[in-house]
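S.K.: Here the protein sequences line up with chains A and B, keeping their order. Here the first sequence is numbered in my numbering, starting from 1 and rising by one per residue. Here the second sequence is numbered in my numbering, starting from 1001 and rising by one per residue.
Note that these hints are calculated values from the structure, not bench results. Note that the coordinates shown come from a computational prediction; the quantities given were computed from them, not determined experimentally. Among the hints, erroneous ones may be present.
Incomplete in silico selection of chain A near chain B, CB under 10 Å [said to hold, decoys possible]:
1. Val53
2. Leu55
3. Pro81
4. Leu99
5. Ile325
Heads up, simulated DSSO-like pairs for lysine-lysine below, C-alpha to C-alpha not over 27 Å straight-line [as the list claims (entries may be wrong)]:
6. B:Lys1087 / A:Lys344
7. A:Lys76 / A:Lys21
8. A:Lys64 / B:Lys1132
Here are the simulated distance ranges between beta carbons [claimed, not checked]:
9. A:Arg284 / B:Asp1048: 52 to 58 Å
10. B:Cys1007 / A:Leu34: 43 to 49 Å
11. A:Asp24 / B:Glu1108: 32 to 38 Å
12. A:Gln14 / B:Asn1008: 19 to 25 Å
13. A:Gln181 / B:Glu1084: 48 to 54 Å
14. B:Gln1038 / A:Pro184: 41 to 47 Å
15. A:Val317 / B:Ser1219: 54 to 60 Å
Just so you know, even glycine gets a beta-carbon here, dropped at the ideal spot from N, CA and C.
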Amino acid sequence: MNEDFLYGRRLLIQELPLNYKPSDQVGISPAMELKKTMIRCTRCNYTSSISEVALPQNQYFCPKCIALGRVSTLTKFYHLPEPNQFPTVADPLTWQGTLSPLQQQCSLEVCHCLQRHFKHLLWAVTGAGKTEMLFAAISQALSRGERLAIASPRVDVCLELYPRLQLAFANIEICLLHGRQDEPYSYRQLTICTTHQLLRFYHAFDNLIVDEVDAFPYAENQQLYFATQQAIKPSGGCLFLTATPGPKLLRQVKRKEIGISYLPLRYHGHLLPEIKVKLAPTWRSQIKQKKLPRTLVQAIKIRLVQHRPFLLFVPHVADLSLFKISLSKYFPKQECVTVHAADKKRLEKVQLMRDQKILFLVTTSILERGVTFPDIDVLVLGADDNVFSSAALVQIAGRAGRSLSRPTGDVLFWLGSYSVNVRAAIKQIKFVNQKGRKLQ
Amino acid sequence: MIQCLLCNTIIDNQLSLVQILSFKPIVEKTICDDCADQFEYLKPPFCDGCGKKQIVEELCSDCQMWRDKSGYLLHNRSLLAYNEATKQFMQQYKFAGDFRLRQVFSDELRHLINDLHADLIIPIPVNEYTWKTRGFNQVVGMLNNINYENLLISKNNNQHKLQSHKKRYERLFTKQPFKLGDQSLKKIKDKKIILVDDVYTTGRTLYHAADLVQSCQPSELMSVTLAR
Ligand SMILES: [Zn+2]
Ligand SMILES: [Zn+2]
Ligand SMILES: [Zn+2]
């Protein structure tokens, strides 16, 4: 029987095909390790106290990674080492596009990292065009016969990457894995998956690329971090991609555990727009009285008069209607469309903005990836609220100035007071722009 | 710090003044208020037989069928309506196997059972395959601080297809899956018996169990399930 579903993976008994009889080569290992009063899951590395996770009859389970199928002492892991059984293709890249000189340089660096199996961080600002810069390195790795994966914490990123990579590597079959699908797993040289799916791999990949490492839930999730390490072969390399590296990654860079390279300019060669701060200590109480900070009213007025499109962010869903009411006091005839992540009409409203049928959109969260408007300014009311992490603020700022025709765009924050996250975001943008200026 | 067992958000378990002054025993929350609000507790009027929610208190057509078929009527009472939240809950508890969830409704289930003042509680058993894979009986898991006896035993008739994977008509025609344990007759005769199961769906499972118990002549026979 073909056992390629076990190559470089560790599957639980209940994940195996029906009536499957493992061959002698298959390694079988315990799913959990008991240490006195604690028990460790060998899939996600989470250690539970046995009293919390006990089943009857001295059995135990792992609650942490249960969504992927329960690991327990009642089951075992089946594994076959990764044999790299792939047909060799000399030059699998079918993409015909070209890179800017800066992207070209970065692309060479990525090639080098993958060739040497480095652990490396590529800090590329939003709108740098990083996917295209990976193509050459992926192509070379594939022709070396390596097994590769591109993983992201976010399903939407995977769904966006898959068709782009399939186009760029038209003759390579790609396996796409995420929690919302029914298609069965297939053994492929190139895999695109969510970081959760990495939990099922064991020493599989010669190179693993993790996109958006600082997106939820990866950044704070020890289990996913462990899964990443475990999915890579001991001799394998790992490339982290992010526009907003968090403290954990930067610490690793500082300790020289991982290398770093920067792409501080956007694809059109311009810097990130820097954040301008306006203090509005009483904006919270003002909005409750149906008022807005004077400077915000001015900023909106200018954009309405000059027909300059913008996104306006507020911290909470409840603030949307408050803002709308307040705005109508100043601009009674102005239409105001608000949208949030769980809004049923989200897609329609985003489309209105895209089609330039409305001049601005008021929202709470960064609209999902791929939702970019070319010529906009970004206004944030209450940027010091805890809901905005520094990474989120950098991402929000990165929504502005994404087109060649208007590469700068304004980013304005209204704050009650300076918060740690706002300071960190400002600092991060200044830092990459400093690097960027040297290249301009 | 306690996390909601269903959605993982952090639960604020600080006591309100009202709680402190009420002198009622303090119940530790296992799920957050948002999740708790999704469950629908069954209140009368319901079907006198199966206990499902109805506009009037009379026998539903299914129960009339069971009464005619079995020659008796099983009075069932359930805590929750089988809505989307209950379905998700059973999915996570029983099928994903998150045994921690046994605590979520165990107190309320105990109150429901205790209010019926039975002499003997008998849980519906699970088969050997379930013991090997799931590792627990989801009914017994919820019976906290309740005395029960495993007088029903699952017969090993190689029923590989799980009850929950069957279509409705398939379930209605399943063969008797249980047998009685030792000394059942002595323990059941002239006693008030309550059978406990997780979900009352068609009634087939409980009526199979009830048929066996009836044969031992209890003084009264009822059933309790988490959901209907
Ligand atoms: Zn685990
Ligand atoms: Zn919850
Ligand atoms: Zn009924």
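S.K.: Now, for every hint given, state plainly whether the structure supports it.
M.R.: Okay, the hints, checked on the actual structure:
Using the Cβ-Cβ criterion of 10 Å, the hint placing A:Val53 at the interface with chain B is satisfied: the shortest such distance is roughly 7 Å. For A:Leu55, the suggested interface contact is upheld, since its CB lies about 4 Å from the closest CB of chain B, less than 10 Å. Interface hint status for A:Pro81: violated, as the beta-carbon distance to the closest one in chain B is roughly 27 Å, over 10 Å. Residue-level restraint check for A:Leu99 is violated (minimum Cβ-Cβ distance to chain B is 42 Å; threshold 10 Å).
Taken as an interface hint, A:Ile325 does not check out: its beta carbon lies about 26 Å from the nearest beta carbon of chain B, beyond 10 Å. The straight-line distance between the Cα atoms of B:Lys1087 and A:Lys344 is roughly 24 Å, inside the 27 Å bound, and the hint therefore holds. This hinted pair checks out: A:Lys76 and A:Lys21 have alpha carbons roughly 14 Å apart, not beyond 27 Å. Distance check on the hinted pair: A:Lys64 and B:Lys1132 sit about 21 Å apart at the alpha-carbon level, within 27 Å; holds.
The supplied range of 52 to 58 Å is met by A:Arg284 and B:Asp1048, whose beta-carbon atoms lie about 56 Å from each other. For the pair B:Cys1007 and A:Leu34, the supplied restraint of 43 to 49 Å is violated, since their beta-carbon distance comes to about 29 Å. Between A:Asp24 and B:Glu1108 the beta carbons are some 52 Å apart, a value that contradicts the proposed interval 32 to 38 Å. For the hinted restraint 19 to 25 Å between A:Gln14 and B:Asn1008, the CB-CB distance of approximately 24 Å keeps it satisfied.
Taking 48 to 54 Å as the suggested C-beta distance range, the pair A:Gln181 and B:Glu1084 does not conform, at roughly 22 Å. Evaluation of the 41 to 47 Å hint for B:Gln1038 and A:Pro184 yields a failure: the beta carbon distance comes to about 32 Å. The supplied range of 54 to 60 Å is met by A:Val317 and B:Ser1219, whose beta-carbon atoms lie about 57 Å from each other.
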